[in-house]
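Based on the hints, put chain S in the right spot on chain F.
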Amino acid sequence: MSEQEIREGMLLAVWDEPPLDFDPDTLIRRVEQKKSRRRALVAVGVATAMIAVVSLSLPGLLPREDNAQLATESPSSASAAPTESPERRAQRLGDGLVAGLRARMPSTKDSYASFGPGRSGMSLPYETKPPRWKEGDTEFSGFVYFSDEIGPTALRVSVRKESFSSELFCSGADTCQQLWKNNGSFVYGAEFRYNDPQVQQVGVLRSFDSGLVVEITAYAHNPSNGNGQRQTVPVGVAVLTQLVTDPGVVWETG
Amino acid sequence: MRKADEQGFREFAAANAASLRRTAYLFCGDWHTAEDLMQSSLMKMYLAWKRIKDLDNLIAYARKVLLRTWLDEKRRPWRRAEQRDGELPDAADATVDPDTTSAKLWARELVHTALLQVPPRQRAVLVLRYFEDLSVAEVAVAMGCTEGTVKSQTARGLATLRTIVEKLDSSSGRVAS
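Those protein sequence lines, which keep their order, are chains F and S.
Position one of the first sequence corresponds to residue 129 (our numbering), numbered consecutively onward.
Position one of the second sequence corresponds to residue -16 (our numbering), numbered consecutively onward.
It should be emphasised that the hints constitute simulated quantities derived from the structure, not laboratory data.
Please note that the accuracy of each hint is not assured.
What the hints assert, rightly or not - Output of the computed footprint for chain S on chain F, the stretches with three or more beta carbons under 8 angstroms from beta carbons of chain S:
#, stretch
1, 134 to 142
2, 152 to 161
Claimed, not checked - Pairs of lysine-lysine, DSS-like flavour, derived with a Cα cap of 27 angstroms:
#, chain 1, residue 1, chain 2, residue 2
3, F, LYS162, S, LYS36
4, S, LYS57, F, LYS162
5, S, LYS134, S, LYS47
6, F, LYS163, S, LYS33
7, S, LYS47, F, LYS162
8, F, LYS162, S, LYS134
9, S, LYS(-14), F, LYS163
10, F, LYS163, S, LYS57
11, S, LYS47, F, LYS309
12, S, LYS33, F, LYS162
13, F, LYS163, S, LYS36
14, S, LYS134, F, LYS163
15, S, LYS47, F, LYS163
Just so it is clear, CB atoms sit at the ideal spot from N, CA and C, and this is done for glycine as well.
Extracted from the complex, chain F is given alone in its bound form:
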């Protein structure tokens, strides 16, 4: 077979080519769409990376409220000081809870407490500054943040003055009973399944003679942000009872 025959054979090979339906505008549109998709993907990737970096560094970077004020205080001290501001009291109790949680669940890490004045303890969405403590604040609430084998989550803590009603506390619970009693103070514990095979919420409430009520609640999700859904609660009613009755955490002073 000569080179000329090869040449002719190749020309014949494309002799019956199908009609070409090619539109440069369609091709340009496809390229532009591809470019914008790629730009969007890069933007999503960068945003995801930034969120990941921020979420990883946030627990270490988050300062305790008013560090300067608390600097002189021993971090492990959970006993009451004679002239204690409401903010310092909340921080002391938070530190006590964190220490108690670490002692009972050594696998937890990145644990810290953050409380604010009032029953919500959180800033409202339109507020740009954290809630301000006032002299005489007796109620506070917030979260004890920690991470376990599953991931980051939190316990909700509420300290307030009210008359205890077991009907109200036990309403909707699958099990609810008094678990502890001492010198006029008692603890109720409740488990909620909400038609799920596993416990979705547990709460303990300690009531004092003075009308002070301390409530700690664990959920099958992270109550601080509504995320982190898991099969069941990270902490059981037994540990919550130990935390709320821990003698190292002095809830009432004076």
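For chain S alone, kept in the frame of chain F given last:
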């Protein structure tokens, strides 16, 4: 991209799409894949148009892109195996001479079937040399190799092609001229 540049690309693409598809067909042996290869190459050229629009020989650059695109495609595992369910029979055309048509079909099948059995780089050299009528130097530029390599690949490709054609001829009972 500026309107003028875009118009330049549009004109280039419209003028060379058919020729690029033919070359791609001889590379890969399938019109659908050939169309994909042609479009992918033009897309790559559109993205680089700002940089390449002033090149002296744009069609040579386009052939180079086409060749690279095809070789890249061949390296992808999921494209290595050709999957065909069968070929549609050729439809009879009453307006042409049956003898001429038969000879054309035979030559086409012979060269095409044989060409597809030649190793890819040797096939590329043969297509660029004998279908595109490029010089050794131009093929070397398109292939990104030396002229010596082009010559040796051409010689090897021709030898391989002739061996395959002889085999096909003898198996079908026809004598190669």
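Exercise. For the pair supplied as a hint, S:LYS47 and F:LYS162, is the alpha-carbon distance within the 27 angstroms limit?
Worked result: 23 angstroms, holds
Exercise. When you check the alpha-carbon spacing of F:LYS162 and S:LYS134, does it fall within 27 angstroms?
Worked result: 40 angstroms, violated
For this session: Assess, step by step, whether the Cα of F:LYS163 is no farther than 27 angstroms from the Cα of S:LYS36, and give holds or violated.
Result: 20 angstroms, holds
For this session: Examine the stretch 134 to 142 of chain F for residues whose CB is less than 8 angstroms from any CB of chain S, and state whether their number is three or more.
Result: This one holds; 9 residues, not fewer than the three required, reach chain S with a Cβ under 8 angstroms.
For this session: Verify the coverage statement for the stretch 152 to 161 of chain F against chain S, using a C-beta to C-beta distance below 8 angstroms and requiring 3 or more qualifying residues.
Result: It holds, with 6 qualifying residues against the three required.
Problem set entry | Given hint S:LYS36 paired with F:LYS162 - CA-CA distance at most 27 angstroms | It holds: about 21 angstroms lies between the C-alpha atoms, which stays within 27 angstroms.
Problem set entry | Given pair status - S:LYS47, S:LYS134, alpha carbons within 27 angstroms | Holds, at roughly 18 angstroms.
Exercise. Holds or violated: are the alpha carbons of S:LYS(-14) and F:LYS163 at most 27 angstroms from each other?
Worked result: Given pair S:LYS(-14), F:LYS163 holds - Cα atoms ~18 angstroms apart, limit 27 angstroms.
Exercise. Holds or violated: are the alpha carbons of F:LYS163 and S:LYS33 at most 27 angstroms from each other?
Worked result: Distance ~15 angstroms between F:LYS163 and S:LYS33 Cα, so the pair holds.
For this session: Could you grab the alpha-carbon distance between F:LYS163 and S:LYS57 and see if it respects the 27 angstroms cut-off?
Result: 25 angstroms, holds
Exercise. For the pair supplied as a hint, S:LYS47 and F:LYS309, is the alpha-carbon distance within the 27 angstroms limit?
Worked result: With Cα atoms ~86 angstroms apart, S:LYS47 and F:LYS309 exceed 27 angstroms; violated.
Problem set entry | Distance restraint between S:LYS33 and F:LYS162, which requires alpha-carbon spacing of 27 angstroms or less | Judged against 27 angstroms, a Cα distance of about 18 angstroms means the pair holds.
Checked against the numbered hints given earlier, this structure breaks hints 8, 11 and 14; the rest are met.
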